[in-house]
Amino acid sequence: MQKDELLEFLSQNEIEFEYQGKDALALTKVADLEKATSQEIAFFNDPKRKEQLKSTQAGLVILKAEFSDLTVCNRLIVKNPYYVYALLAQKFNPLPSQKGIHPSAVVDGSVVVPASCYIGPNVVIESGVLLGEGCQISAGCYLGKNVTLGKNCYLGPNVVIMNDCVLGDEVILQAGCVIGGEGFGFAPQAGQWIRIPQIGRVIIGNHVSIGNNTTIDRGTLQDTVIEDDCIIDNLVHIAHNVKIGQGSAIAAQTGFAGSSQVGKQCIFAGQAGVVGHLKISDGVMVMAKAGVTHSLKQPGSYSGFPAIPTGEWQKNTVRAKNLQKMALQIKDLEQSIKELKNQLEEK
Amino acid sequence: MQKDELLEFLSQNEIEFEYQGKDALALTKVADLEKATSQEIAFFNDPKRKEQLKSTQAGLVILKAEFSDLTVCNRLIVKNPYYVYALLAQKFNPLPSQKGIHPSAVVDGSVVVPASCYIGPNVVIESGVLLGEGCQISAGCYLGKNVTLGKNCYLGPNVVIMNDCVLGDEVILQAGCVIGGEGFGFAPQAGQWIRIPQIGRVIIGNHVSIGNNTTIDRGTLQDTVIEDDCIIDNLVHIAHNVKIGQGSAIAAQTGFAGSSQVGKQCIFAGQAGVVGHLKISDGVMVMAKAGVTHSLKQPGSYSGFPAIPTGEWQKNTVRAKNLQKMALQIKDLEQSIKELKNQLEEK
Amino acid sequence: MQKDELLEFLSQNEIEFEYQGKDALALTKVADLEKATSQEIAFFNDPKRKEQLKSTQAGLVILKAEFSDLTVCNRLIVKNPYYVYALLAQKFNPLPSQKGIHPSAVVDGSVVVPASCYIGPNVVIESGVLLGEGCQISAGCYLGKNVTLGKNCYLGPNVVIMNDCVLGDEVILQAGCVIGGEGFGFAPQAGQWIRIPQIGRVIIGNHVSIGNNTTIDRGTLQDTVIEDDCIIDNLVHIAHNVKIGQGSAIAAQTGFAGSSQVGKQCIFAGQAGVVGHLKISDGVMVMAKAGVTHSLKQPGSYSGFPAIPTGEWQKNTVRAKNLQKMALQIKDLEQSIKELKNQLEEK
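Residue numbers (full-length UniProt numbering), protein chains in the order written: chain A, 1 to 347; chain B, 1 to 347; chain C, 1 to 347.
Everything labelled a hint here was simulated from the structure, so no lab data went into it.
By construction, the Cβ of each residue, glycine as well, lies at the ideal position given by its N, Cα and C atoms.
The reader is advised that the hints may include incorrect statements.
Unchecked claim - Here are the computed lysine to any residue pairs in the SDA-like style, where the Cα-Cα straight-line distance is at most 20 Å:
1) Lys22/C <-> Pro96/C
2) Lys151/C <-> Glu133/C
3) Lys48/B <-> Ala65/B
4) Lys3/B <-> Leu27/B
5) Lys325/C <-> Asn322/A
6) Lys341/C <-> Glu339/A
7) Lys145/B <-> Pro96/C
8) Lys331/C <-> Gln329/A
9) Lys331/B <-> Pro96/C
10) Lys279/B <-> Lys338/B
11) Lys54/A <-> Leu70/A
12) Lys91/B <-> Gln192/A
13) Lys151/C <-> Glu227/C
14) Lys48/A <-> Lys151/C
15) Lys331/A <-> Ile337/B
16) Lys22/C <-> Ser55/C
17) Lys338/B <-> Glu345/C
18) Lys99/B <-> Glu170/B
Said to hold, decoys possible - One side only, chain C facing chain A, incomplete, derived with CB under 7 Å:
19) Gly181
20) Ile199
21) Leu221
22) His237
23) Gly255
24) Leu340
Use the sequences and the hints to build the structure in full.
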């Protein structure tokens, strides 16, 4: 990528920027600040890495104005360096865009596969499936009856999408995830569990990304919904009838029990959990391993089990570390009072 | 479904009921109370939804006698509405019952596939496998050597069953689950881990349901056993030599370490854990995120880590929220005693 | 296995031993101490099972010298019975060693498959893959472009290895695990998440074992590294750029957030978690469900959330169980002081 290409790319993406450096650029890929060579693009975001910025050999560093004096390399000064880096990394590392249907794929005769799509080896596509333009379906995937995919979806190997589920445009499903499996719906009767068929769907919006081996169950009667712009990590469990609001991010191994409603722009750190039938407001952040047991009506950060506002949790946690000390203080107090009583009686 | 069909179905299933309503019924499916139309069946179980019951347009509402006055719709009055609803939902939404062997399936020549079975695309069935009548094996499944399936088992796509494992009748394995993988058996020696081949099996009883991407490891020398009527949710881990007793229910992301023995009719909420070599009595309920670190000899509810009876845990949890307050109380007490001492000395 | 074969096997493996028993041995497999017959090998390691040792009918018992008087069976006396048992169990139960390429496999024309390898049904191998001698690739596996496998690797069914990842020799990947999936790398911008392509690899050393449905994400720019001799259980999540040091053991459902560096010979019990960008010293043991939130510079055992040294955690846990009692003690103290004050005033 030469300088004029870079400037055109930034302009196309409506990025405000200032460029400081040489006119001769020949950039071939993105790289880590510490190891980048004169043909590579790095970014600087973390003030703790100032020494690496000073010594970097990168061909271009993307950074904020306040740090631009720390390097003599070519500089691209922007407001959100990480974002601009992401765009350039995507430019240099596009998602696969193969075309054609592998002869080993088993595609029902009723399905129209656009010429812009790729259907990999051993993929199985059942009747009634609708595929948008440019979809990439990797080896071993299964698409059940009447599944709908929007444009430019990418499915990693061995992904399963069960019947009737709907994906928007530019949805990414990493390897091994299961969308629309039957959830945990059973009626107890005389020591047995009677299965409740799950006849809702999973509806996934646009620009959603779902991680490896994650499971999202179909709704019982209505639908499980993942709104636009959500990102979901590996080994996450989302139960039937859950709704995840626009732009929420869910880290690995987090779980949502049935019918929970999560607002927009929420963040869940790893191994968090949410019990069933709760409502979680927009803008909530749930910290690692926290367990939400009541509806959260206010945005903000929550920690612990049961989850409480993180500020309170931190105070309690500090105290909890001192429980041993508190117990000894109480013992001392009891002793002091005993002595006082004795002294009082003596007087 | 017309009224006479409904009555016959209830009679076949030995349901005690009272019907109140019109003779003309034309029911086509089950639906949610709030959205059901005059051709749909809904059920009412949750007193919080009384307003929905009053306004429902359902063609039939299944409910308890005490609520029957709240609606003018056709009513089916039974003792356990959720159970009767489940039976009707199954009637309207049966499991798949395809037949035949897809030409892309790889079935060892030694295996007899009953004509009532369905073997989907790209399924691999190794030598010595025994299949009961009516089994449905979805695309991409793998059945290792000498696996045995009872009657009417349903396997979702990409399920793996390793060699020698045994399933009873009417077992449901959801997509991507792995039955009989090698567990975590290694002998430490000079900074290395020496693999212990796991030569036991997984034995699964009748009417068991296992969730998406769940893993159940084979036994080391003896077997891992899941007894009849158990239901197991997504992303659950069951280690080697574990035994889960009849009718137990295990919610998502729960884990059992090796050789734990779980009694009958136990319930584990999501993200719970059980350490190895414990015995858990019949009728134990373990709450979400709880960690069981000692054998539990009494039925009842347990919470926290280490898990204790839920009643005790709740009291401690309330106190834990007040730790900051307790610390201040102690400080006040220390101050009071100081003052008392001074006053005493003055006298 | 006869006696001379046994002695030769021990000698080949450089085991110091003493044999006490008959010359006529005809051993056919390994078995549990309690159930072993006269043709089976058992081991004794657990002093709690002395009664089983006294009554065992095993054809050979592997045990330490101090217990050799407790049985009259043939005895193999060694320093580490579990290790010697593991070696013999492997001898009797070798990993599969099939050969050939199943006709349904889809192997890119550029790939040289050594005659000693097995490529199972429906396996997909993309261009540029390098396979060591003796690799066993089970049904339904996917190996992306330029993946490298060392010698004698075993992949269970439906394993996914994404492009460019590298495995050493004798690596075991259990069914359904995903190596090299894209991790959770996104830049926030105006309420959306912009994907950061993950262009590092996963590098796995020699003698590593990875469990069923576990996910190990590729590095962002550099690599995710699993060093030699690590063992990793089922449903574990290892995020991008993590490094796990030599010989570490990670139990089921544990998770590591991005860029954490774990030392050598560490042990993580089940459902543990480690937040991102931490350094964990060699020789650390993290107990079940613990959450590591700060770097751990000292070897030793850690528990709780946030994780602290296990000794401290245990003291606090005992106190935490008594919080209710402590609250009552404080109440009593307050009452006592009130009374003292009154008495003092009266004087």
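Hint check results:
1. About 33 Å separates the Cα atoms of Lys22/C and Pro96/C, which puts this hinted pair outside 20 Å; it is violated.
2. Among the hinted pairs, Lys151/C with Glu133/C is consistent with the structure: their alpha-carbon atoms are about 5 Å apart, no more than 20 Å.
3. The hinted pair formed by Lys48/B and Ala65/B meets the criterion: a straight-line CA distance of about 16 Å does not exceed 20 Å.
4. For a cut-off of 20 Å, the pair hint linking Lys3/B to Leu27/B stands: about 9 Å separates their Cα positions.
5. Annotation: proposed proximity of Lys325/C to Asn322/A holds, straight-line Cα distance about 16 Å (limit 20 Å).
6. Annotation: proposed proximity of Lys341/C to Glu339/A holds, straight-line Cα distance about 14 Å (limit 20 Å).
7. Of the pairs offered as hints, the one joining Lys145/B and Pro96/C holds, with about 12 Å between alpha carbons and a cut-off of 20 Å not exceeded.
8. Between Lys331/C and Gln329/A the alpha-carbon distance is near 14 Å, which keeps this suggested pair within the 20 Å criterion.
9. Restraint check: the Cα-Cα separation between Lys331/B and Pro96/C comes to about 68 Å, which exceeds 20 Å; the hinted pair is violated.
10. For the proposed pair Lys279/B and Lys338/B, the alpha carbon gap of about 52 Å is over 20 Å, so the pair is violated.
11. A hinted pair counts as satisfied when its Cα atoms are at most 20 Å apart, and Lys54/A with Leu70/A qualifies at roughly 6 Å.
12. The suggested pairing of Lys91/B with Gln192/A holds, with an alpha-carbon distance near 18 Å, which does not exceed 20 Å.
13. Of the pairs offered as hints, the one joining Lys151/C and Glu227/C holds, with about 16 Å between alpha carbons and a cut-off of 20 Å not exceeded.
14. This hinted pair does not check out: Lys48/A and Lys151/C have alpha carbons roughly 42 Å apart, beyond 20 Å.
15. Using a Cα cut-off of 20 Å, the hinted pair Lys331/A and Ile337/B holds, with the two alpha carbons roughly 13 Å apart.
16. With a C-alpha separation of about 18 Å, the suggested pair Lys22/C and Ser55/C falls inside the 20 Å cut-off, and the hint holds.
17. With a C-alpha separation of about 16 Å, the suggested pairing of Lys338/B with Glu345/C holds against the 20 Å cut-off.
18. Taking the CA atoms of Lys99/B and Glu170/B, the gap is about 16 Å. The hint holds against a cut of 20 Å.
19. For Gly181/C, the interface hint holds, since its Cβ comes within 7 Å of a Cβ in chain A; the closest pair sits about 4 Å apart.
20. Taking 7 Å as the C-beta contact cut-off toward chain A, the hint placing Ile199/C at the interface holds, the least distance being around 6 Å.
21. For Leu221/C, the interface hint holds, the least distance from its beta-carbon to any beta-carbon of chain A being 4 Å, beneath 7 Å.
22. Nearest Cβ of chain A to the Cβ of His237/C: about 4 Å, under the 7 Å cut. The hint holds.
23. Annotation: interface hint on Gly255/C holds; nearest CB of chain A at approximately 5 Å, less than 7 Å.
24. Using the Cβ-Cβ criterion of 7 Å, the hint placing Leu340/C at the interface with chain A is satisfied: the shortest such distance is roughly 6 Å.
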